[in-house]
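Numbering (the working numbering), first residue to last: -15 to 143.
Source of the hints: derived by calculation from the structure; they are not laboratory data. All of these numbers come straight from a predicted model, not from anything done at the bench. C-beta: ideal position from N, C-alpha, C; glycine also. One or more of the hints may lead you astray.
Stated by the list, open to error - FRET-style restraints, in silico, Cβ to Cβ:
no.	residue 1	residue 2	range
1	Ala54	Asp94	14 to 22 Å
2	Asp20	Ala62	29 to 37 Å
3	Ser55	Ala90	46 to 54 Å
4	Asp86	Ser117	33 to 41 Å
5	Pro53	Glu106	32 to 40 Å
6	Ser117	Ser81	54 to 62 Å
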Amino acid sequence: MARSFTPFQEVDRFFSDLTRMPASVGMPMDLYRDGDRFVAEIDLPGVDPASVDVDVEDRTLTVRAERKPASAADADRAWLTRERPTGTFARQLTLGSRVSLDRIEAEYADGVLRLTIPMAEEAKPRKINVAHSERSTAVGSGSGTSTDENRTIEGDVQA
């Protein structure tokens, strides 16, 4: 049986393969909570630290970085495999209302961008102290007696 060739089917298959690739192929990330802060560690090996840009707008944190080819001689090489992507990469995180946008810190060392995102003070769990006060018990016109054993109070008591 003859198999028909349709160029559109090949193009469709190509784009379908692209959409199955993770968007983070150039910027793999670990994200975890450490006490009262969130930490994102993004792998950026081979990226010029001057090209790393981190900004926050409307609770969306965006990281951009550029990885350039190793040298100008790359165009003349006969590549057998090339798995390390080059170009400009971006990664976005949507931040909730429980984080402090003005206290985010970023550090780039050994090819890893580390973002420290602290929780907002108002979002942190806290203990509420209970104040103890002495109240005088108002006893009405009747005579009131109390016994130590049962701690019962007889008479008029206002609640």
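Evaluated hints:
For Ala54 and Asp94, the Cβ-Cβ distance of about 19 Å falls inside the hinted range of 14 to 22 Å, so the restraint holds. The supplied range of 29 to 37 Å is broken by Asp20 and Ala62, whose beta-carbon atoms lie about 53 Å from each other. The given range of 46 to 54 Å is broken by Ser55 and Ala90, whose C-beta atoms sit roughly 29 Å from each other. Checking the proposed 33 to 41 Å range against Asp86 and Ser117 shows it holds: the Cβ atoms sit about 39 Å from each other.
The hinted range of 32 to 40 Å is not satisfied by Pro53 and Glu106, whose Cβ atoms lie roughly 47 Å apart. Between Ser117 and Ser81 the Cβ separation comes to about 36 Å, which falls outside the hinted range of 54 to 62 Å.
In summary, the numbered hints that this structure violates are 2, 3, 5 and 6.
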